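*Asks:* Each chain, letter by letter, is given below.
Number of protein chains: 2
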Amino acid sequence: MAKESEPLEWRMSFPDGMSMLFVSECMPHTAGFVVGLLFKYLGLMQSGWRYGTSEPRKIVHCFKVGMALCLVSLFYYVGPLYEGVGGNAMWAVLTVVVAFEYTVGATICKCVNRTTATFIAGALGIGVHWVATRFGKAWEPIILQVSVFVFASAATFLRFLPSVKAHFDHGALIFIFTFILVSVSGYRVPDLFDFAQHRLSNVAIGTSICVVTSIFCCPVWAGNELHSLILSNMEKLADSLDAYVAVYLRDDADADADVDDMKKEASKEKLIGYRSVLDSMSTEESLVNYARWEPAHGGFSFKHPWKDYLELGALLRSYANCIDALSGIVSDTKAPAFLKKYFSTACLKLSSNSSAVLRELVVVVRTSAESPKIGLRLKDMCVAVQELHNALKALSNQKTVATETKPEEFSEGKGESNVLPFVAIVQLVTLSSLLIEIVARTEKIVKAVNILAHKVTSSE
Amino acid sequence: MAKESEPLEWRMSFPDGMSMLFVSECMPHTAGFVVGLLFKYLGLMQSGWRYGTSEPRKIVHCFKVGMALCLVSLFYYVGPLYEGVGGNAMWAVLTVVVAFEYTVGATICKCVNRTTATFIAGALGIGVHWVATRFGKAWEPIILQVSVFVFASAATFLRFLPSVKAHFDHGALIFIFTFILVSVSGYRVPDLFDFAQHRLSNVAIGTSICVVTSIFCCPVWAGNELHSLILSNMEKLADSLDAYVAVYLRDDADADADVDDMKKEASKEKLIGYRSVLDSMSTEESLVNYARWEPAHGGFSFKHPWKDYLELGALLRSYANCIDALSGIVSDTKAPAFLKKYFSTACLKLSSNSSAVLRELVVVVRTSAESPKIGLRLKDMCVAVQELHNALKALSNQKTVATETKPEEFSEGKGESNVLPFVAIVQLVTLSSLLIEIVARTEKIVKAVNILAHKVTSSE
Numbered sequence: 001m002a003k004e005s006e007p008l009e010w011r012m013s014f015p016d017g018m019s020m021l022f023v024s025e026c027m028p029h030t031a032g033f034v035v036g037l038l039f040k041y042l043g044l045m046q047s048g049w050r051y052g053t054s055e056p057r058k059i060v061h062c063f064k065v066g067m068a069l070c071l072v073s074l075f076y077y078v079g080p081l082y083e084g085v086g087g088n089a090m091w092a093v094l095t096v097v098v099a100f101e102y103t104v105g106a107t108i109c110k111c112v113n114r115t116t117a118t119f120i121a122g123a124l125g126i127g128v129h130w131v132a133t134r135f136g137k138a139w140e141p142i143i144l145q146v147s148v149f150v151f152a153s154a155a156t157f158l159r160f161l162p163s164v165k166a167h168f169d170h171g172a173l174i175f176i177f178t179f180i181l182v183s184v185s186g187y188r189v190p191d192l193f194d195f196a197q198h199r200l201s202n203v204a205i206g207t208s209i210c211v212v213t214s215i216f217c218c219p220v221w222a223g224n225e226l227h228s229l230i231l232s233n234m235e236k237l238a239d240s241l242d243a244y245v246a247v248y249l250r251d252d253a254d255a256d257a258d259v260d261d262m263k264k265e266a267s268k269e270k271l272i273g274y275r276s277v278l279d280s281m282s283t284e285e286s287l288v289n290y291a292r293w294e295p296a297h298g299g300f301s302f303k304h305p306w307k308d309y310l311e312l313g314a315l316l317r318s319y320a321n322c323i324d325a326l327s328g329i330v331s332d333t334k335a336p337a338f339l340k341k342y343f344s345t346a347c348l349k350l351s352s353n354s355s356a357v358l359r360e361l362v363v364v365v366r367t368s369a370e371s372p373k374i375g376l377r378l379k380d381m382c383v384a385v386q387e388l389h390n391a392l393k394a395l396s397n398q399k400t401v402a403t404e405t406k407p408e409e410f411s412e413g414k415g416e417s418n419v420l421p422f423v424a425i426v427q428l429v430t431l432s433s434l435l436i437e438i439v440a441r442t443e444k445i446v447k448a449v450n451i452l453a454h455k456v457t458s459s460e
Numbered sequence: 001m002a003k004e005s006e007p008l009e010w011r012m013s014f015p016d017g018m019s020m021l022f023v024s025e026c027m028p029h030t031a032g033f034v035v036g037l038l039f040k041y042l043g044l045m046q047s048g049w050r051y052g053t054s055e056p057r058k059i060v061h062c063f064k065v066g067m068a069l070c071l072v073s074l075f076y077y078v079g080p081l082y083e084g085v086g087g088n089a090m091w092a093v094l095t096v097v098v099a100f101e102y103t104v105g106a107t108i109c110k111c112v113n114r115t116t117a118t119f120i121a122g123a124l125g126i127g128v129h130w131v132a133t134r135f136g137k138a139w140e141p142i143i144l145q146v147s148v149f150v151f152a153s154a155a156t157f158l159r160f161l162p163s164v165k166a167h168f169d170h171g172a173l174i175f176i177f178t179f180i181l182v183s184v185s186g187y188r189v190p191d192l193f194d195f196a197q198h199r200l201s202n203v204a205i206g207t208s209i210c211v212v213t214s215i216f217c218c219p220v221w222a223g224n225e226l227h228s229l230i231l232s233n234m235e236k237l238a239d240s241l242d243a244y245v246a247v248y249l250r251d252d253a254d255a256d257a258d259v260d261d262m263k264k265e266a267s268k269e270k271l272i273g274y275r276s277v278l279d280s281m282s283t284e285e286s287l288v289n290y291a292r293w294e295p296a297h298g299g300f301s302f303k304h305p306w307k308d309y310l311e312l313g314a315l316l317r318s319y320a321n322c323i324d325a326l327s328g329i330v331s332d333t334k335a336p337a338f339l340k341k342y343f344s345t346a347c348l349k350l351s352s353n354s355s356a357v358l359r360e361l362v363v364v365v366r367t368s369a370e371s372p373k374i375g376l377r378l379k380d381m382c383v384a385v386q387e388l389h390n391a392l393k394a395l396s397n398q399k400t401v402a403t404e405t406k407p408e409e410f411s412e413g414k415g416e417s418n419v420l421p422f423v424a425i426v427q428l429v430t431l432s433s434l435l436i437e438i439v440a441r442t443e444k445i446v447k448a449v450n451i452l453a454h455k456v457t458s459s460e
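From first to last, the protein sequence lines stand for chains Z and V.
Reminder that position 94 of the first sequence reads as 94 in full-length UniProt numbering, one-by-one numbering, no gaps.
Reminder that position 37 of the second sequence reads as 37 in full-length UniProt numbering, one-by-one numbering, no gaps.
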């Protein structure tokens, strides 16, 4: 909190670089609150503007929702349509509001869930109501209440099961609602069958509008999104690896030199790129669930092996975990320059080869065809591992290293001459070891990508 | 797929150990399909049973939902109540179906969202309808359609913004729906104000039933869940670390010995415990969002610093990343036994000290009071780091190591006598280095926990 004696300062920067500064020496508290609210609102506007310009497809989606809702509300304005749906056009509106999602797959998933659940629950509701009426007016509410309790509890329980939650969560919700609506409404509505039919036809109208608008008007496919997410994650990992190794092994002289600010910013972005890979699990899972509902589109057939993307995603995260461990070591550089120089060739070669493999895999996943280069890149990576191993081995024979670098530098270490500065080496050894672990994880990714590419080719 | 010549086999095991085995030499395809479906259903039943017995509170939640729905459907059965809500009791039912969530926080969040959004959208809808009627019957639908398009698009866009999505997603949805319902219904409904009022009162009834049932009938607090999740994650990390270091450093003779199967299973569970920490981000985020809506309960005041749990969770995940990197090295043991023995004292001491700190932090977070032991444990951990450093340093002077272990074993290495088997050491050095990195991350966790405990004490 600002001390009372200090003037209140409100500052915000706009995208065009213009900045506003308000200083009020003794602004009253209420005015301060109002201005604060105003700025919060402006801040929201600003972040909305940034978001909108960076993601134009989301703006298009908003217009699509508006369009679909205008379309469905025609059922209010046009007389015959209004009569046709029994004056219950609001169910159709509610369907569009709830079921119209950003991706085609999510929309189809919700629409199929909604229609099926409405049909099943409607039929069941009519059945239960029929049974209840056989028992006379006194027993009817009791039987209805018991059935509501049983079916609602059971459906709620099913929603907890992971396999149901992933695909049929919305369906279970709609099942509960429609069942109560139909079975209990029977107590008040004269023609229950008509009522249930109207509800079903309204939901069908709503879902049709959703699906048609979603597919034929600038569609956003969950499959496409998932595909791009995996590809961009691979690229981010390759960039991060390169960036970390480069940062660690660069000469301190280089580091101090005036590096272009733009370059610094870009390299910082690359450094932390791996973090978004670590956070992408839930997005991947929901995209996989939705992609499986989508019809064939673009280069993806209906039987595209979407589930395999989950495994690939998990492997990419385990790769990112290694980079995260690496980041801890890099942030605390201790190794002397001459040792870095000794290792830099082998380490840089290994990291650049490993990231080259990852970048080649991007091509494989994108084209779903085996790349002729991938074998070569893998071989290069293995050679680089061997070279790093050799460098490590050679280090054990101090004289080898000593003759390659300046011998007198070795006695700079921790006291005794003729002994390597072991603690300083520890970091470099760890770096090498983590790089070798990263190579092992890269090989697993190669295998997963090959299996994926093979499945794609055979599913076409 | 099974080859055609092989008999079809269906096997499943039940919780009581009973197992069924069906072999049908030439089962017709339809029968096979039906049996398959049956088993899928039985499998769902079985997993449901397991789930239900392991999470009794979720069963209670299902009964709570059933109860709340029975309560709200009384508005159908009881005449005066039915008239009171204008025959629109279904809105109340729908509210209970949609807004009754597992945790109190989530229920309150949805209920507040729903009520506020219904109120704002209802008022806005009446306003827009009033304006539209001023322009005459011909212009009315056009003005209404335009306003629907504009407001629906804008609200949909807001749903994309992260800050809105986290807290007001449901509200935005309900805003769109209620706005259309009220503004467009005005075209058909004679008394719009009454209509809007009924909708609001129905929603209010539904939300009240939700909130009351949720809070006063075996409440599940999001704050409590979050608290326990963080505590159990800390314990899992401590267990995983201990387990990995123990597995790596154990004698191969021990490993081959007949270890109790139960013990093996338990140790395996501990080994992979860290993985669930890596996957808990989205759960933590939603729990934090919901916990902030909850009133004071148990040991948590209304102003409990829930947001700090996010940071703590992120630090725990970064700790888990290091364990994941460690797991790669442990799975591929290369170091000879005598070297392991040389390192084992220092490494085991460090890992057990680091996990002891984590376990002590569990106590701190649980009691929200500084533990007198934590300083001691931290000091022990620092001493252990120093000892590991010393062990590494001593390794650089081969003679020191040689006198401590059997000198002839050192020439078993890669050829030249008097030279350490460097490549074999690489693994141990990496292990030590990762352990030291884990200690650094533990210290960060200690800081975060101290800040949290301080905030908790000052908020009470």
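Any given hint could turn out to be false.
To be verified - If the Cβ cut is set under 10 angstroms, some of the chain V residues that face chain Z in the computed set are:
#: 1; residue: V35
#: 2; residue: L38
#: 3; residue: F39
#: 4; residue: Y41
#: 5; residue: L44
#: 6; residue: G127
#: 7; residue: K303
#: 8; residue: L326
Claimed, not checked - Okay, the calculated bits of chain Z under chain V, using three or more residues with CB under 8 angstroms as the criterion:
#: 9; segment: 53-63
#: 10; segment: 70-82
#: 11; segment: 171-185
#: 12; segment: 336-344
#: 13; segment: 370-378
Everything labelled a hint here was simulated from the structure, so no lab data went into it.
If you're wondering where the values come from, they're calculated on a predicted model, not measured in any experiment.
Heads up, the beta-carbon is just placed ideally off N, CA and C, and yes, glycines get one too.
*Asks:* Taking the earlier hints as the rules, which of them does this structure contradict?
*Replies:* 1, 2, 3, 4, 6, 7, 12 and 13
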